[in-house]
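Enquirer: Residues per chain, in single letters:
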Amino acid sequence: MRIKLPLLIAALAGVAGSLRAQVPDSQQPAPATAAPAPAAPERAPQSSGGGGGGEDSAGGSKQQGSMLGGDVPIFDPGTEIFTWDGKSWHATDNRLFQARFEKYLNAPEETSAQDTAYQQNISAILEDLAPGNATVAHVDDAFRLLSRAGEYDIDARLCDSIADAVYSAWRAQDNADRLAQADDALEKERTRMEWNANVAATDTLTDEAPSASDKTASQLWIAGQNRKRDLETGQYTTHLAEIMATIKANQAKKELSELDAKIDFQALIVQLFLQRRFQHVLICTRFYRAIFTDGDTSLKVGKDANDLFANTSGMPPTVGTVDSMANEVIRDVREGVQAFQFLLSQNELESASNRLAESFTTGEYLPEIRMLPRTEKRQALKFVQKSDQLLSALEVKDYTLAAQLVDDLSKTATDFDTSKATAAIETAKQISDLHLAKARNAAVSGDKDTLEEELKEATEIWPRNPELAKISGLIFSQSDVQQKALVDLDELLSQHNYREIYNDKMRFIAAAAMYPDRQKQLSDVLGQMESIETSMIQAQEMAKQGDYAGAWETVEKTFQKFPDDSKLNEMRADLTTQAADFVRTIRNAQDLEQKNQIGSSLAWYLKALKIYPSSEFAQDGVQRLTKLVVLPEPES
Amino acid sequence: MPRRASSKTHPVWLVAALLLVAGALACGAYAWMMISDPYRTLTAIDVPTYMENADSLRGNVYKLTGTIDSELAWSPTQGRLFSVLADGSKTDVLPLLIPPELDRVNIQKDQKFYFKIVVGDKGILTASDLKKI
Chain A
15 MRIKLPLLIA
25 ALAGVAGSLR
35 AQVPDSQQPA
45 PATAAPAPAA
55 PERAPQSSGG
65 GGGGEDSAGG
75 SKQQGSMLGG
85 DVPIFDPGTE
95 IFTWDGKSWH
105 ATDNRLFQAR
115 FEKYLNAPEE
125 TSAQDTAYQQ
135 NISAILEDLA
145 PGNATVAHVD
155 DAFRLLSRAG
165 EYDIDARLCD
175 SIADAVYSAW
185 RAQDNADRLA
195 QADDALEKER
205 TRMEWNANVA
215 ATDTLTDEAP
225 SASDKTASQL
235 WIAGQNRKRD
245 LETGQYTTHL
255 AEIMATIKAN
265 QAKKELSELD
275 AKIDFQALIV
285 QLFLQRRFQH
295 VLICTRFYRA
305 IFTDGDTSLK
315 VGKDANDLFA
325 NTSGMPPTVG
335 TVDSMANEVI
345 RDVREGVQAF
355 QFLLSQNELE
365 SASNRLAESF
375 TTGEYLPEIR
385 MLPRTEKRQA
395 LKFVQKSDQL
405 LSALEVKDYT
415 LAAQLVDDLS
425 KTATDFDTSK
435 ATAAIETAKQ
445 ISDLHLAKAR
455 NAAVSGDKDT
465 LEEELKEATE
475 IWPRNPELAK
485 ISGLIFSQSD
495 VQQKALVDLD
505 ELLSQHNYRE
515 IYNDKMRFIA
525 AAAMYPDRQK
535 QLSDVLGQME
545 SIETSMIQAQ
555 EMAKQGDYAG
565 AWETVEKTFQ
575 KFPDDSKLNE
585 MRADLTTQAA
595 DFVRTIRNAQ
605 DLEQKNQIGS
615 SLAWYLKALK
625 IYPSSEFAQD
635 GVQRLTKLVV
645 LPEPES
Chain B
118 MPRRASSKTH
128 PVWLVAALLL
138 VAGALACGAY
148 AWMMISDPYR
158 TLTAIDVPTY
168 MENADSLRGN
178 VYKLTGTIDS
188 ELAWSPTQGR
198 LFSVLADGSK
208 TDVLPLLIPP
218 ELDRVNIQKD
228 QKFYFKIVVG
238 DKGILTASDL
248 KKI
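Residue numbers (the working numbering), protein chains in the order written: chain A, 15 to 650; chain B, 118 to 250.
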């Protein structure tokens with residue numbers, strides 16, 4: 015009830031805008047006529063916010079025994095949003111409506127013989143009860159047709175309910191003639207049903223029976239014929255039983271007061287109106303006028319229901335008001351369907367779909383809606399499905415699909431407004447891309463916190479952004495590269511292959527950026543390698559100037575610190591050849607120094623100084639050994 | 118008129134006299150040199166051997182003729198340590214300790230000396246006497 019009632023009320027209120035301009039015929043059974051619009055209703059909701067219905071609802075809930083119970087839903091025709099019990103819905107943009115509308119668009123047109131017969135029946139009743147035509151005989155005939163109309167599934171036995179109300183009213187008025195007529199009508203209907211059942215039973219026994227000698231075949235044939243007969247006569251016998259039950263119930267009915275009968279009748283009218291059974295509303299109101307001829311047609315309903323009709327029609331609710339509103343709805347739906355068909359022919363699918371949705375909302379059970387060809391409805395269905403898909407795509411932020419749908423819709427429907435959807439899509443895309451750009455920068459600079467934050471933002475805005483996958487892939491591949499570089503770094507460190515680390519230093523610097531321990535190791539290695547490179551450059555310059563001894567000494571000093579560097583070793587070997595005399599002198603000096611032959615060693619160092627006066631090795635050696643020969647004097 | 122006998126000196130005699138004078142000068146010079154080297158009786162130190170393995174010469178006394186290259190160190194108690202460029206070489210420089218007993222002799226760079234030297238412990242050369250050339 016919490017779901018259905020707002021939907022039904024939406025149908026009622028959906029036509030409020032047009033109905034406000036109607037002047038109820040009050041107690042006159044004349045068709046609705048146009049008149050200037052009354053003042054704006056006092057209770058019309060100003061917004062579609064969730065707080066709708068606040069005061070009125072509270073007031074309504076305090077009314078005990080109100081026909082509509084507690085809160086009465088409120089519909090804002092300006093925004094097509096209705097509010098009930100603190101919640102808001104868009105009249106046509108909600109899942110329940112969409113599902114129902116889609117089901118309708120896929121349903122075949124109701125133009126079968128049964129549907130046609132039902133409509134003819136309803137039309138005959140309305141014709142019998144039409145103003146100026148409602149003689150006693152016509153009323154009795156209409157009453158008789160009610161029972162027949164109730165047979166059809168589409169009627170949902172509403173005609174039976176009307177007949178029951180009519181009979182109760184006649185009973186209350188103690189109208190013996192009319193009761194007799196009613197009983198007679200029911201009796202005639204019972205007779206017709208009996209005849210139909212007999213005919214059906216007889217018609218089923220047309221197949222040729224097998225020979226009597228074949229007992230099994232005979233038994234099967236009899237059983238089959240029985241089943242066939244039961245099926246054929248079942249519908250008639252069932253309805254016959256119902257008619258007989260109605261006759262018995264009518265006989266047992268207690269006499270009601272006329273006021274009670276009137277209120278019951280009015281309640282039925284309002285109920286049918288809210289159910290959007292507008293043809294039945296017209297049948298009811300016309301029966302009402304035919305039965306209650308005292309001129310009192312004001313509806314005795316609760317405050318909320320009273321306000322509902324008063325606010326939408328601008329007049330106090332009467333049977334005439336409801337009658338005119340029902341007529342207006344029927345006319346509005348008819349126009350809506352005509353508009354739909356015209357717009358469809360112009361390929362303006364958005365407007366066509368909207369007009370059909372509006373007409374369907376209010377006139378779901380009217381013949382104009384039920385008989386609309388499925389081929390026409392299917393054209394609108396495609397648009398509606400894509401529109402719904404677009405809404406879903408925007409809701410789940412799948413902007414790629416949304417953009418594609420907007421493109422498709424704009425091609426199929428010439429009147430489709432792409433501006434809102436396109437603006438939403440483009441804005442989301444741009445913001446998402448902005449966050450992704452920031453994430454990319456953060457990834458490059460190794461700022462993990464910013465990277466995570468920006469990726470999160472970008473994902474929230476556009477979860478299926480293709481660029482997101484690319485960036486993620488890039489980051490993950492960077493991560494792989496980083497891990498591989500770190501493994502390589504560890505291996506080269508363990509091998510003391512600093513030259514290889516130095517050659518690929520950019521990769522290792524980037525990889526170790528987020529690992530302080532490795533960063534320090536790498537920094538030490540690169541420091542060493544820079545020393546080696548510096549000394550090698552210096553040596554190269556000295557060698558160019560012919561100072562091979564100086565070049566060798568420069569390389570040799572670095573070699574003593576970093577003996578594992580292959581490139582340095584290679585250069586050292588070359589320079590050893592170039593400065594062979596000096597190198598041999600220094601090495602002799604060093605060897606003799608190690609053997610503690612200070613005199614000979616010192617002589618060699620002195621000789622080395624003669625060869626290369628700037629030799630630090632020689633100077634250091636002389637200085638070192640001199641101190642051993644001439645011991646420094648202790649300071650006094 | 119009778120011819121007078123010639124009084125001119127024969128050139129052979131002149132050449133012989135010159136050779137005699139030169140020989141006398143050479144002998145004088147040699148004799149002077151021999152007389153001026155006070156350690157002419159000592160064996161000159163074998164520099165290559167010393168540089169190869171000084172320990173093998175330990176305790177021996179040699180004569181060293183050389184030029185002062187530089188003063189490496191000085192101690193009032195231990196003396197002065199000089200580097201001496203051995204005579205006849207351009208790169209063979211030997212360290213030589215001049216003990217304080219020989220402080221009476223002023224020693225400067227590029228001066229040439231005769232040194233009477235002793236190969237001491239660890240191959241350190243110590244001068245026991247010297248004479249400036």
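Among the clues, some could well be false.
Said to hold, decoys possible - Using C-beta positions, here's what the derived DEER-type ranges look like:
id, chain 1, residue 1, chain 2, residue 2, range
1, B, Gly237, A, Thr548, 42 to 52 angstroms
2, B, Gly176, A, Leu645, 20 to 30 angstroms
3, B, Lys207, A, Glu555, 22 to 32 angstroms
Please keep in mind that the hints were generated in silico from the structure rather than gathered at the bench.
Every value quoted in this text rests on a predicted model; they were computed, and no experiment measured them.
We put the CB at the ideal spot given by N, CA and C, even for glycine.
Enquirer: Work down the list of hints and note, for each, if the structure agrees.
Expert: Consistency of the hints with the structure:
With their beta carbons about 44 angstroms apart, B:Gly237 and A:Thr548 fall inside the hinted range of 42 to 52 angstroms. About 22 angstroms separates the C-beta atoms of B:Gly176 and A:Leu645, a value consistent with the hinted range of 20 to 30 angstroms. Take B:Lys207 and A:Glu555: their Cβ atoms lie about 28 angstroms apart, and the range 22 to 32 angstroms holds.
Every hint from the earlier list agrees with this structure, and none is contradicted.
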